[in-house]
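Student: The residues making up each chain are set out below.
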Amino acid sequence: MRPPAPALFALWTAVVFGPAPVSASTVISHAVEGREDCGSCHGPGGVSPSPADHAGRGNETCTACHVPRARPVDVSGRPAADPCLGCHADRDLSLRLSSGERLGLHVDGARFAASIHGRAGIGCTDCHSAFASGKHPAVNARDRREYALDSYTICRKCHEKQYTGTLDSVHALVLAAGNRHAPVCTDCHTAHEVVDPDLPRHRISLACGRCHSTIVEQYRASVHGAALHAESNPDVPACTDCHGVHDIHDPRTARFRLQSPELCGKCHRNQRLMSKYGISTDVFDTYVADFHGTTIEVFQRQTPDAPSNKAVCYDCHGVHDIRRVSDPDSMVFKENMIETCRRCHPGAAPEFIGSWLGHFRPSWDRYPVVHFVEMFYKLAIPGILGGMTLLVLLDARRRLRDRRARARHGGRTDG
Amino acid sequence: MARQREFRRFTGGDMVEHWLMAVFFTVLAITGLPQMFAGHPVAEWAIGFLGGLEMVRVLHHLFGVLLTLLTVFHVVRVGYKVIVLRASLSMLPRLGDVREFAAWLRWALGRSDVRPATDRYGFEHKIEYWALMWGTVLMIATGFVLLVPIRVTSVLPGEIIPAAKAAHGYEAVLAVLAVIIWHAYNVHVRHWNRSMFTGKLTEHEMREEHPAELQRLQAGSGGEEEEKEMDRNFTRRRKLYLSFATVFVVASVAGMKILLTEETAIAGIPRIQATPFAPADAPAAPSMAPGARGPAAAANSPSRTPHTLEGRGDCLMCHKTGGVKPIPADHAGRANATCVGCHPAGGS
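Protein sequence lines correspond, in order, to chains W and E. When the letters of the first sequence are read in order and numbered with the numbering used here, they come out as residues 1 to 415. When the letters of the second sequence are read in order and numbered with the numbering used here, they come out as residues 416 to 763.
Pulled out of the complex, with its shape left as it was, chain W reads as follows (with noise of 0.2 Å):
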């Protein structure tokens, strides 16, 4: 006996693309009950007609491969009702890729029900619209990376906003030019568990930390970092506060650089915030005023692309390793600070370190010196300026006042 031709079909396809490529159907757009004979709309001439290659399969055939579409989906965990499930609910379901490698087919149905898509009542073939016809199409991806490098474009349908925004990511040059380690949206948020990247907000950085892992160690024990994992403080910066969130620039440009005062700024400015920590918001502005400061803001302000090595914050505080200025770890602590110093002034005697204000307003207590001589050009400029003013005016109505009497009596008398 003769197999039937779609029998034969999936014979064929098996022997072709190996074993896994199996067909997945489409989903019934309508509910079933009291449609029960697919076959008066879906038949032969019907209003919907079944494919050619479906012809002689009966009503009870169909809801084997055609299931009513499920809506939203199930969250209590329950296998959902998406048909894809049937299959890819299997852990061990995987396609041999033609490197060898294996590639995971599974979808674990209860975390994609809880996911931020699953909750929305997204399903499968929303993303996966190629499977939506009711064929698998071929996997031409060589392993595993490259079949997410050719998938991720899938979230731009939705996210048209965020794919935008990595294209001027350092991540996205980096992949242009070749480095396939570069991630990719799913990468960073998963394919089928996409959860609110932010709550909880140190979320962000374990996600960043998944590639960036001595980074996000060094953060963790920074005065921010210890704040975000162990209190879950909401006023200090998450990895995406300073580097942006999609469109993440390499953070070693001339650029980044300086504007990376204002960056440390956007906090350290705000009365309000830093008022509960008791944190100076002067930092800003004395910084600005210090030879450091003025050239980096002048650089910022005329060629943000050039590069200055005079210093910002974080060649001082620590890049990612901030800690309080208390903290004997700290590299602005007193005692570690000629040492700080001497990142960039490699020939500083122990007294240079006094030549830097330490973020203070110079007053009678804290460099006299420094706000003696302001006090003293405060006065002097406008007293020696106003003395001399005087002088001229004096001297020049005199002479007007002469010049007009001689004017008066030149007719008369030869001054």
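These are computed hints drawn from the structure, not numbers from a lab. Some clues are possibly wrong.
To be verified - Listed below are several chain W residues computed to face chain E (Cβ distance under 10 Å; list not exhaustive):
hint, residue
1, D241
2, T294
3, A396
We put the beta carbon where it would ideally sit given N, CA and C, even for glycine.
Place chain E on chain W using the hints.
Tutor: Chain E only, in chain W's frame:
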């Protein structure tokens, strides 16, 4: 109209000194003040116009050095005039200046109709000269402190540096505004004085500006004749002075050169220790669906058909409920046609 008799006020050397000073002072002000007021739009425009902050700093340092050399030259030249040529110390302040100022004040306030007769240098000239001298020395001193902070703080307290920075900036503001108010009024506004261009003043100008000097010159007690009197010690004095001056100039230039060789900061950017890419878990390539992927609970995996389909097209013959190898209960009602959709045929 008959040409007026003219009197020499400045020599060529005086004029060269003056105009060099004017150029250096102006360049230093233009390159210095925008640094002090960086952040102000006009200052930033000037910095941009001059080629950027680093260029402005290079120019400022260059002209600072030139001004220092000019000052050394001035000191040597004045010393030569005073010590070798025995010129009178006409610029030195003396008690008469106070009397002259008091008399001027009475005149200016209308208490008297006699303006004091100014000699070669009146109180207004002395104020300007000594203000400039004091200011230049202070600017040079604080300027070098700022240029070589490492050397300075190896012998002096660190606070010297920001104090010098404050003094350098404020003194600059004072100097520029003082020149605008005092110098501009006295030689440009109240009377346009050409003597720094021509080196000369007319008799009329002399009567107006320097009546006492004019009187002295006309009386023939100006000293020109006296100075020409043979001085037996002149040659010896000059030789001695020039050797001292040479030592002074060489020492100044050498000192400046030593100061200028300080390497204040490294040329590049301080290195930051960071390993950008350090994946937390090998393998580096993130998985498609991170999360639990435990080993193989094959519960839901459709098994492959373990036999070929040759001659076995009617699946249900064996796999029907109650057959040799029955299908699971949830497969009830599925026909032969659908079987291989999920259960591909196995090996031959």
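Student: Hint by hint, note whether the structure agrees.
Tutor: Verification of the supplied hints:
Interface restraint check: W:D241 against chain E, minimum CB-CB distance 18 Å, threshold 10 Å, status violated. The closest approach between the C-beta of W:T294 and any C-beta of chain E is roughly 5 Å, which is under the 10 Å cut-off, so the hint is satisfied. Of the supplied interface hints, the one on W:A396 holds, with its beta-carbon coming within about 7 Å of a beta-carbon of chain E, less than 10 Å.
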